[in-house]
Amino acid sequence: MRTLPANLLKAVTFWALACLARADSAAPAAPPEPPERHWRLGVALGYGERTNPLIQSEKIPVLVDLDIAWFGKRWFFDNGDVGFAVLDRPAFTLNAVARVNTDRAFFSKTNTRYINFQYLAAGNTSSLVPPPGSQQPTEVQAFRPPRRDYAVEFGFETLFDGEWGAATVRAFHDVSGTHDGFEVGVDYDYRLTRNRFSVAPSVGIEYKSRALNDYYWGVHADEANITLAEYHADAGFGWHAGLRSNYYITKHLRAALSVNYERLQDSVADSPLVKQDYVLGYFGGFAWTF
1 MRTLPANLLK
11 AVTFWALACL
21 ARADSAAPAA
31 PPEPPERHWR
41 LGVALGYGER
51 TNPLIQSEKI
61 PVLVDLDIAW
71 FGKRWFFDNG
81 DVGFAVLDRP
91 AFTLNAVARV
101 NTDRAFFSKT
111 NTRYINFQYL
121 AAGNTSSLVP
131 PPGSQQPTEV
141 QAFRPPRRDY
151 AVEFGFETLF
161 DGEWGAATVR
171 AFHDVSGTHD
181 GFEVGVDYDY
191 RLTRNRFSVA
201 PSVGIEYKSR
211 ALNDYYWGVH
221 ADEANITLAE
231 YHADAGFGWH
241 AGLRSNYYIT
251 KHLRAALSVN
261 YERLQDSVAD
271 SPLVKQDYVL
281 GYFGGFAWTF
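Counting in the numbering used here, the sequence shown tops out at residue 290, every number present.
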């Protein structure tokens with residue numbers, strides 16, 4: 001039996017190894033995983049308004065809507081809220097969150113025009129006019145809505161989502177000593193998508209404590225006068241509903257339209273500081289996500 005020469009055997013071996021190395025290098029490499037994004041940046045330009053239930057107030061215009069968020073492994077910042085993920089499970093997420101109460105925003109857009117007041121005394125309705133001989137004008141009485149401060153609140157929120165939609169359960173308490181009250185609430189929304197169009201209806205209910213409502217919407221003893229009676233707002237339930245729709249023109253650009261209706265708690269709506277028992281907001285424009 002003839003055997004291959006040793007040099008020929010070595011050459012065949014090297015040739016086989018070279019072919020294997022070339023085949024391995026020619027195979028397409030697995031695509032790298034996209035880097036994890038920590039920032040969410042967006043801006044919407046358009047026009048919208050939010051009504052102000054406070055007396056002698058102006059509607060709050062909305063021309064620019066910003067979306068700024070950062071998400072780390074546990075910590076996050078989401079449009080003013082600072083939070084920490086306590087539990088992160090496939091079915092739900094539990095976050096500890098610090099936020100600023102939003103009721104104070106209404107007291108920033110007020111109208112200080114002179115207005116007329118009437119009050120009921122001893123069964124008779126009388127206009128507020130100065131006594132005879134006074135040099136003060138007779139047709140007007142000045143009024144400025146009372147001052148209210150922002151409150152820093154801390155609490156927990158639990159987020160659930162699935163094919164049925166998304167829900168949030170939250171509870172917050174004032175930790176800044178501004179109103180010393182609390183709020184609990186539940187929100188639900190469901191997103192429907194068809195090609196480039198999406199629509200997301202939402203609904204929610206919240207309960208606010210007496211301390212919170214009375215601080216913002218009550219008339220305190222040192223604020224009461226002949227034109228404004230002292231009033232103490234009580235705890236109560238309010239609700240809200242909304243609708244958001246988007247049409248994606250490109251991956252980053254979309255046309256956006258949203259509307260939201262909020263019904264105030266009964267004791268808030270009955271306050272002398274309140275002229276209407278609801279808040280209505282809307283916005284339409286174009287949004288760009290970076």
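Heads up, a few of these hints could be off.
Stated by the list, open to error - Listed below are the simulated EDC-like cross-link pairs for lysine to aspartate or glutamate, each with C-alpha atoms no more than 20 Å apart in a straight line:
no., residue 1, residue 2
1, 251, 223
2, 251, 49
3, 275, 65
4, 251, 262
5, 275, 223
6, 73, 88
7, 275, 49
8, 275, 88
9, 275, 234
These aren't lab readings, by the way, just hints derived from the structure by calculation.
The structure displayed is predicted, hence computed values, not measured ones.
How the hints compare with the structure:
Taken as a hint, the residue 251 and residue 223 pair is broken in the structure, with Cα atoms around 53 Å apart against an allowance of 20 Å. Restraint check for residue 251 and residue 49: the C-alpha separation of about 27 Å exceeds 20 Å, so the hint is violated. Note on residue 275 and residue 65: the hinted pairing is violated, with a Cα-Cα distance of about 27 Å set against a maximum of 20 Å. For the suggested pair residue 251 and residue 262, the alpha carbons sit about 32 Å apart, so the restraint of at most 20 Å is broken.
Of the pairs offered as hints, the one joining residue 275 and residue 223 holds, with about 18 Å between alpha carbons and a cut-off of 20 Å not exceeded. A hinted pair counts as satisfied when its Cα atoms are at most 20 Å apart, and residue 73 with residue 88 qualifies at roughly 10 Å. For the given pair, residue 275 sits about 17 Å from residue 49 by alpha-carbon distance, which is consistent with the 20 Å threshold. Only pairs whose Cα atoms come within 20 Å are accepted, and residue 275 paired with residue 88 is rejected, the gap being roughly 43 Å.
Among the hinted pairs, residue 275 with residue 234 is consistent with the structure: their alpha-carbon atoms are about 17 Å apart, no more than 20 Å.
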